[in-house]
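Line order of the protein sequences matches chains L and V. Residues in the first sequence are numbered consecutively from 1, following our numbering. Residues in the second sequence are numbered consecutively from 1, following our numbering.
Do not take every clue at face value.
[To be verified] Have a look at the derived ranges for each label pair, beta carbon to beta carbon:
| id | chain 1 | residue 1 | chain 2 | residue 2 | range |
| --- | --- | --- | --- | --- | --- |
| 1 | L | V136 | V | V92 | 28 to 38 Å |
| 2 | L | R350 | V | P178 | 33 to 43 Å |
| 3 | L | L108 | V | G53 | 54 to 64 Å |
| 4 | L | D270 | V | V92 | 16 to 26 Å |
[Stated by the list, open to error] Result set (SDA-like, lysine to any residue): computed pairs, CA atoms no more than 25 Å apart in a straight line:
| id | chain 1 | residue 1 | chain 2 | residue 2 |
| --- | --- | --- | --- | --- |
| 5 | L | K344 | V | F120 |
| 6 | L | K255 | L | D420 |
| 7 | L | K344 | V | P48 |
| 8 | L | K344 | V | Q146 |
[What the hints assert, rightly or not] Residues from chain L that face chain V, not an exhaustive set, calculated with beta carbons under 10 Å:
| id | residue |
| --- | --- |
| 9 | R70 |
| 10 | K75 |
| 11 | D76 |
| 12 | A79 |
| 13 | Y86 |
| 14 | G325 |
| 15 | T326 |
| 16 | G337 |
| 17 | I348 |
| 18 | D349 |
| 19 | R350 |
| 20 | A358 |
| 21 | L359 |
| 22 | D363 |
| 23 | C368 |
Simulated from the structure, these hints should not be mistaken for lab results. For every residue, glycine included, the Cβ atom is placed at its ideal position computed from N, Cα and C.
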Amino acid sequence: MSVPQVELRNMTKRFGANLALNNVSLLIRSGTVHALLGENGAGKSTLVKCLVGFYRPDEGHIQVDGREQRLNSPKDADALGIGMVYQHFTLVPSMTVAQNLVVSGARLPAYIDWQSELRRLTEVTRKLPFHVPLDVRVSQLSAGEKQKAEIVKQLYLGRKLLILDEPTSVLTPAEADEVLGHVRSLTRTGELSAILISHKFHEVRRFADDVTVLRRGASVRTGAVADLTDDALAEAMIGEPVSKMVPHAPRLPPKPNVILSIRNLCANGDNGLPAVKDLSLEVRAGEIVGIAGVSGNGQLELVEAMMGQRDRNGTIAVSGSSFNGTRREIARLGVYGLPQEPLKNACIDRMSLAENLALRNFDRAPLCRGIAMNYGALVEQAERLVAQFRVKAPGLTASMSALSGGNVQRAVLARELTQDVCLLVASNPTFGLDFVACEETYRRILDARNGGAAVLLISEDLDELLGLVDRILVMSAGRIVHEVPAESADKRVIGKYMAGMKAA
Amino acid sequence: MSSISGIEPVPPKPLVTAAQLSVALPVLAVLLASAIFAAFVALYGQNPATVFGLIVQGGFGSSFAWQDTLSRAAPLVLVGLAVAIPAQAGLVIIGGEGALVLGGLAGAVVTLPFAGAHAFPMQCLMLLAGALIGGLWFGLAGVLRQYRGVNETISSLLLSYIGIAVFHHLTEGMLRDPASLDKPSTHPIDPSYMLPTLPGVGVHAGLAVSLLLAIAVHVVLRYTRWGFALRVVGGSARVARMIGLAVNRWIIGASVVAGGMAGIAGAIEVAAVQGTANSSLIVGYGYSGILVAFLARHQPLAIVAVALLIGGMQASASLLQRRLGLPDATMLVFQGLIFVCVLVADAIAQQLRETTRR
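Chain V extracted, bound-state conformation (with noise of 0.2 Å):
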């Protein structure tokens, strides 16, 4: 038997490392992505510096455009979350908007019935209705999967439409308030139970909600042993048994956890910029999130980074509609470009990495 003992190099060294590679796809698709997007803005017979110009100007270049750009990145963080967690466990839940919204009316009924109250509480309140109602909507898809073998891609999307529907219902119907006119909305909120506004900021409380769900997200994941065993079970669902992990309650969870999420993302929506529930919060936050939390790889403290980066290009779309007289869908055009170009570079570091194992 061989005398050495403990670590020697066997395989030599891979060209990039796995680190490496995590960091360079996303950045690499994302300028692919802006290639083709040139393009497509060069066809309108627009110029595309001048284009990428006033997409940094609307979204980063004034404090009012950052404003906008955070206002519209917490809610981005969160339903990102919403899809970066089950991921830790192996999971691909996309149903993001349908927990959002339904969260979002939770949040915008809860305190109905208790005026004047304090308005600490009562914030506290609105956001774990719409944790609570989010996460049973997410644990819906998890307990499919888990006891009838549903495929949870496909039911928590399904979910979310069955989710958007009874928001329509209950919005349109029993929950109206009769005020409402043109728009069906809920009651609205007592204004002093608003979030407030951050000092110095100038952005909704929602947005530090949001930042430090993502920090103790982060911390759980890579420092706690709920991190660790989920990992396990995201890994191999047959050694974490083997190992007395319960697999059925630690993937339920997760997907409860994450549906929390996306509801909290709808109820800080509520509580913190339209006052009641309607429409309005069926935008497509919840799919974005999607895109948020592949390009940052499930990584929480990336997805921040990245909401950034959407929020603030959703947050550029009005003004390029004005100067530019461009389609207000030319930035869904960008995000899908990115999205695809994402998931393409996935499916050639899946190669990559199956090539070089060989």
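Extracted from the complex, chain L is given alone in its bound form (with noise of 0.2 Å):
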């Protein structure tokens, strides 16, 4: 089989009424890679898995070498030698690297014959530039070849077009460089198309032949990527200002003193790798300061390092005094925040939404005394709130789940806004909510820092963070690379600091 050309058509996407893709076309010339540039929710990971026949799409055709082909299930792909490497394994870990590629295998004999396998899997492999033990338990292996692994196995299976789907964001940089550099030349040499997904400059600059940069679920650039260059590669990502109204409150100059001071933090990931990395911040009363970034560089980390909810190293100060988390600090120093995904991350689903808004003040006065709860004034409470916040829900006994997302997101803002509040720590607040929700939240969000709170609001909306905050840092790999107050800042300069194109 030759390596394919494959060209997709006029392609669009609705998940309800949201248009996850809007009439994108595509061609992945034969024997090169193509890559898709675009930030989160842009629509990349929507068009792939159209292609691997993940999804069908609502409009639009798919051709290979020419052909019309229906893509049903990821079956149909497979026959087309289309595979893809999804951004985490899919190995299975108990299993040697040999074991896994065989069973892999979409015809599986009932009876398998290991060293005729071994021996046809010993000759496939050796033709390759990825050098992987074949005889070593997965569940060993470093990240960089496990990644090697997966591809190694895309091609045992035949695989002609490979999607690579954020590949190095696991890998260490010389991990990438290899990873990369081998499929790069495994194209060259005609044996392979590929298409990378990815939002780090350097990699399509250096790997990809082509790029198409996906913007809101539209194309908004095509080209190879010797014509591009960064500069426009970076307008097209972030994009014009978009007519997104976010109200903004007069900006006052911000009080003098310091509300968060964070020096030298440190904190590692799930992997046990570092994800922020010696960070220093401040944060002062009456200000908003927002962290700009792709997702995946240590925001969430940070926030949860913050919040105590994830080792750390390095100081926290709040008002001067040390803030590692527990209730009593919480509520002497103020310290409230607005996680992304309330429903997960800041409701317990199975207590009722007036528990849900007392999860604050539980055991303080008037909602307790002593040990005792006052019950009564737990649902006192809620109605207030409820009344107050305009949460619409089937009853104050009802488990936050049966809310929609806007109300279980007016739930969290009544719960955390009525406290104290001296410092609030937004992240994505507005991820997943309709327009009235993300308005509200804005308008929140600045009528606690104009009542003199100190607001850190973590996003990947950059559209978001230039119309709400005053000063804005960029996070990348786990640092702060730049820091630019809001009236002056160039979308397409802090576009770059976000891709990684510029160091610190």
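If you follow the hints, you should be able to join the two separate chains into one complex; please do so.
What follows is the structure, given as structure tokens:
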């Protein structure tokens, strides 16, 4: 089978009212690497999931070597030699590489002749530039070796179009260079075509032939990488200011007193590798500081380390006192938060709406005297908050999952912002919310700031940040790499820092 | 923005509420298990109606039957609590048997150096010693879970076997009364230290202790900030950390208290029934307690009722054996059937909840 040329034409995909793909066309020339660039939620994953038969597009055609194909399931994609390497590994950790490769075959015989399979495997893998030990258990491989094993698996299965979904997000720079370098050389020798999903410009520049930039579900720029400057790519990715109405109260000069002070903060990610590296920042009273960055650059770990949900090194001080996230400190120093996906990260599903509204103050008067809870006062407080923040719910005893996303957010806003807020930490607070709920969240955050609170707003949405904040910090690879006041912020410059093109 | 404020019905009401479901499911499970059990005894050539009649008679048919049932219910209530308390924090700890036998051992030996003291402080001391050792034993499972990532269900079950082995090792070795020939036991406790019989009931005071503890646990879980915090921890450790609760301490604390309950159950068996620590303690109360807690859906007051039911069933076992010649293990079969049916009912309820949510 020769290396295919794959063309996607006028692909459109809707999820409910949400237009995930809007008339996107893409041509992957035979024997090239085609990069897909774009922010989170730009539609990259949706597009390739259509190509591997995971989603069915609402409109559009897929042509392989000029012939129209219908992909109804991943099996159809498999038959056409289209395969995908996912961001997260899909190998069985307790089996050896060889076993993983053999069992991944679609037509597995009832009896496996391991001797002949191993011979065939050795034969196939010897020709590849990737060297992966075949008889080692996957759990003992490093991340880079696992990624190579994933690619070897695809090649072993005879895949000719390889889709790599942010393959380097879990790799060290050296591993990333090696893996992508091999993919590049395989396309050069005409054994493979590849789609590379990335938001790192330098990878695209070094390892891709063509590039298509997606933004909000639409293809905004496409062409040979050599013909496009980094500036042009950054501009296409970040886009011109859109007419998203973000209300902004007149900026006031921040008060001089520093509320939040982080010094030399280090924290590890779930994989045990450093995610936040020696990070320092300050937020003053009456100021909103925004942290921009592509997701997975340590923002989540930063927030968790601040809120006492993750082990850390370094000092975090609020209003001059050390803060470790205990209940007493939270109440005394006034540290509250708006996490992303509030249903999951700020609510207890198996407890009622009224109880969830009391999570912050259930152990203080008037809700509690000594150790005895006063459920009458708890219900009274819930009634008051529900009315004040217009939370719509089937009842105060309803579980949180009976509420719509916007109303869950209203409940969390009610709980967090009616406390004595001195520092508010909001991370992607409008993720997945509808327009009305977004607007209300913005208004409440601004109210908190105007009331003198310090606000740290972590967001992947640059428009949201530029509309709301007084000062922007850009986070990349666990560090703050750029800082600029909002009024003199240049999206293109910020985009470059976000993409890791410039170091601090 | 909408001008409507306050509560308004949004989704349609489900056919049955969660509260109704939580009562209906265990009842249905017991009925189903009874039907299967009826078929089982029919295979043995017995009339199921006769068998059920004897169970009622043997468990609840006379004052003697009630005494037997109640004295069995006392430890069952406590080991049921030992499962239900960690369940509030999202833990499934099933090692009550180990904590019970070690608690019994501690209760049996702690008063031996003090001969001729007042009875009441000695009785308190026995229960406290049992609580302490049982608490330590469950606390181990909690610590292993929070600091080493060991699944608490498995570790507590395995710790149970270790506990029983330690019990045998000590009662047959260091702590053995040389006078106990055919049944290795510790030295008997001073007869004056034995728990008294409750006047008018004819059952030992351990029953009162376990009822009081069940009520206390109910009040703490339902009406105090400790119960509230424990439910937050059990609902989501992530959110609990966000609002500043020390999750490790709450989980380990709940484990220790739960182990204390099982330990007291063991100490009561020694101080009220056996008089020494010997292998008669290891009769599976710890495992029956799992059934009690699951059937009662981890509600302390429901645990009292279910413990009576299971206690009555166990009390009637000898009657079935004597009258009908059914094997001694018949009641274990019935218990096992109930447990399986409860688990199946739980799984079905879970699916129902998920499909109605879609």
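Results of checking the hints against the structure:
no.: 1; hint: L:V136 with V:V92: 28 to 38 Å; in the structure: holds (36 Å)
no.: 2; hint: L:R350 with V:P178: 33 to 43 Å; in the structure: violated (55 Å)
no.: 3; hint: L:L108 with V:G53: 54 to 64 Å; in the structure: holds (58 Å)
no.: 4; hint: L:D270 with V:V92: 16 to 26 Å; in the structure: holds (24 Å)
no.: 5; hint: L:K344 with V:F120; in the structure: violated (51 Å)
no.: 6; hint: L:K255 with L:D420; in the structure: holds (18 Å)
no.: 7; hint: L:K344 with V:P48; in the structure: violated (50 Å)
no.: 8; hint: L:K344 with V:Q146; in the structure: holds (21 Å)
no.: 9; hint: R70; in the structure: violated (28 Å)
no.: 10; hint: K75; in the structure: violated (27 Å)
no.: 11; hint: D76; in the structure: violated (28 Å)
no.: 12; hint: A79; in the structure: violated (32 Å)
no.: 13; hint: Y86; in the structure: violated (25 Å)
no.: 14; hint: G325; in the structure: holds (6 Å)
no.: 15; hint: T326; in the structure: holds (5 Å)
no.: 16; hint: G337; in the structure: holds (6 Å)
no.: 17; hint: I348; in the structure: holds (3 Å)
no.: 18; hint: D349; in the structure: holds (7 Å)
no.: 19; hint: R350; in the structure: holds (5 Å)
no.: 20; hint: A358; in the structure: holds (8 Å)
no.: 21; hint: L359; in the structure: holds (5 Å)
no.: 22; hint: D363; in the structure: holds (4 Å)
no.: 23; hint: C368; in the structure: holds (5 Å)
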